[in-house]
Amino acid sequence: GAGVSQSPSNKVTEKGKDVELRCDPISGHTALYWYRQSLGQGLEFLIYFQGNSAPDKSGLPSDRFSAERTGGSVSTLTIQRTQQEDSAVYLCASSLNSLETQYFGPGTRLLVL
Amino acid sequence: GNSVTQMEGPVTLSEEAFLTINCTYTATGYPSLFWYVQYPGEGLQLLLKATKADDKGSNKGFEATYRKETTSFHLEKGSVQVSDSAVYFCALSDHRGGSYIPTFGRGTSLIVHP
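Chains A and B supply the protein sequences, listed in that same order. Residues in the first sequence are numbered from 1 upward in steps of one, following the working numbering. Residues in the second sequence are numbered from 1 upward in steps of one, following the working numbering.
Hints were generated in silico from the structure; no laboratory data involved. Where is the CB? At the ideal position from N, CA and C, for every residue including glycine. One or more of the hints may lead you astray.
[Said to hold, decoys possible] If you anchor each label on the Cβ, the simulated ranges turn out as follows: (1) Leu111(A) - Gly29(B): 23 to 29 Å; (2) Thr28(B) - Ser38(A): 38 to 44 Å; (3) Asn59(B) - Ala2(A): 30 to 36 Å; (4) Pro61(A) - Gly29(B): 38 to 44 Å; (5) Ser14(B) - Asn52(A): 46 to 52 Å; (6) Arg67(B) - Leu111(A): 40 to 46 Å; (7) Gly71(A) - Thr70(B): 28 to 34 Å; (8) Asn59(B) - Leu96(A): 18 to 24 Å; (9) Asp18(A) - Arg67(B): 25 to 31 Å; (10) Asn22(B) - Leu39(A): 32 to 38 Å; (11) Glu68(A) - Ala17(B): 35 to 41 Å.
[As the list claims (entries may be wrong)] Partial pick of chain A residues on the chain B-facing surface, computed with a CB cut under 10 Å: (12) Gly3; (13) Ser7; (14) Pro8; (15) Tyr35; (16) Asp56; (17) Leu60; (18) Asp63; (19) Phe65; (20) Val74; (21) Gln83; (22) Ser87; (23) Ala88; (24) Leu91.
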């Protein structure tokens, strides 16, 4: 069956440009999460969606980061005016609900030059 | 708030050695506990989980027991293989605390030598 997919798999951009990262969760999963994983670091929680709403946005590093989810399915994470410190692997995960196992996508590796 | 603390890595072992990776947690409710694994070049995947006190999760020879009295969920394997080399993440998910956010530890890198 289809797992969580993310696109693009790799993104190289110039400092100051905007980027949009996409996540397609497993069908029927109501909970969706975005994380950031920097080299040698653990998982940094960014934002969580239950359906289309985001009860907790406290993990977003700055107002340059935003995310939305439509139709209880696809989610996009947008980073405006990218900085070099935004370089990382951005992971998306989905689960049936917030207590259940999370299924992770392969991630988008972002490099800001 | 909730937190998960894992032992610092890397943990370096010889093949067939016994493995323990310690994990302790702080939670306001009654969490479910998880171990996720990230093999080199791959995404995170669930290794095992336990949903209530005294439950034992097991998979691929790995085990972890939910110990409420010590708030721990230590990962163990009796005989590691080179293919077990990966980063292991302990995590919890707690509904009653009002937080819907799973909390992850920082990860422990395991290196197994032949």
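To see whether the hints hold, each was checked on the structure:
Checking the proposed 23 to 29 Å range against Leu111(A) and Gly29(B) shows it is violated: the Cβ atoms sit about 39 Å from each other. For Thr28(B) and Ser38(A), the Cβ-Cβ distance of about 28 Å falls outside the hinted range of 38 to 44 Å, so the restraint is violated. Range check, Asn59(B) to Ala2(A): about 22 Å between beta-carbon atoms, so the 30 to 36 Å window is missed. Between Pro61(A) and Gly29(B) the CB atoms are about 27 Å apart, so this pair departs from the stated range of 38 to 44 Å.
Range check, Ser14(B) to Asn52(A): about 50 Å between beta-carbon atoms, so the 46 to 52 Å window is met. In this structure the supplied range 40 to 46 Å holds for Arg67(B) paired with Leu111(A), their Cβ-Cβ distance being about 42 Å. The hinted range of 28 to 34 Å is not satisfied by Gly71(A) and Thr70(B), whose Cβ atoms lie roughly 44 Å apart. Hint check: Asn59(B) to Leu96(A), Cβ distance near 19 Å, so the stated range 18 to 24 Å holds.
Taken as a hint, the range 25 to 31 Å is violated for the pair Asp18(A) and Arg67(B), whose Cβ atoms sit roughly 47 Å apart. A hinted range of 32 to 38 Å for the beta carbons of Asn22(B) and Leu39(A) is inconsistent with their spacing of about 24 Å. For Glu68(A) and Ala17(B), the Cβ-Cβ distance of about 48 Å falls outside the hinted range of 35 to 41 Å, so the restraint is violated. Checking Gly3(A) against chain B by beta carbon gives a least distance of about 9 Å; that is within 10 Å, so the hint holds.
Given hint, Ser7(A) at the interface with chain B, is violated; its Cβ is 14 Å from that chain's nearest Cβ, farther than 10 Å. For Pro8(A), the suggested interface contact is broken, since its CB lies about 15 Å from the closest CB of chain B, more than 10 Å. The interface hint given for Tyr35(A) is met, as the beta carbon of that residue sits about 8 Å from the closest beta carbon of chain B, less than 10 Å. At a threshold of 10 Å, the smallest CB-CB gap from Asp56(A) to chain B is about 6 Å, leaving the interface hint in force.
For Leu60(A), the interface hint is violated, since its Cβ never comes within 10 Å of a Cβ in chain B; the closest pair sits about 13 Å apart. For Asp63(A), the suggested interface contact is broken, since its CB lies about 20 Å from the closest CB of chain B, more than 10 Å. With a least beta-carbon distance of about 16 Å to chain B, the hint placing Phe65(A) at the interface is violated under the 10 Å criterion. For Val74(A), the interface hint is violated, the least distance from its beta-carbon to any beta-carbon of chain B being 18 Å, above 10 Å.
Checking Gln83(A) against chain B by beta carbon gives a least distance of about 23 Å; that is not within 10 Å, so the hint is violated. Interface hint status for Ser87(A): violated, as the beta-carbon distance to the closest one in chain B is roughly 18 Å, over 10 Å. Violation of the interface hint for Ala88(A) is found here, the shortest Cβ-Cβ separation to chain B being roughly 14 Å, above the 10 Å cut-off. Because the smallest distance between the Cβ of Leu91(A) and any Cβ of chain B comes to about 7 Å, under 10 Å, the interface hint for this residue holds.
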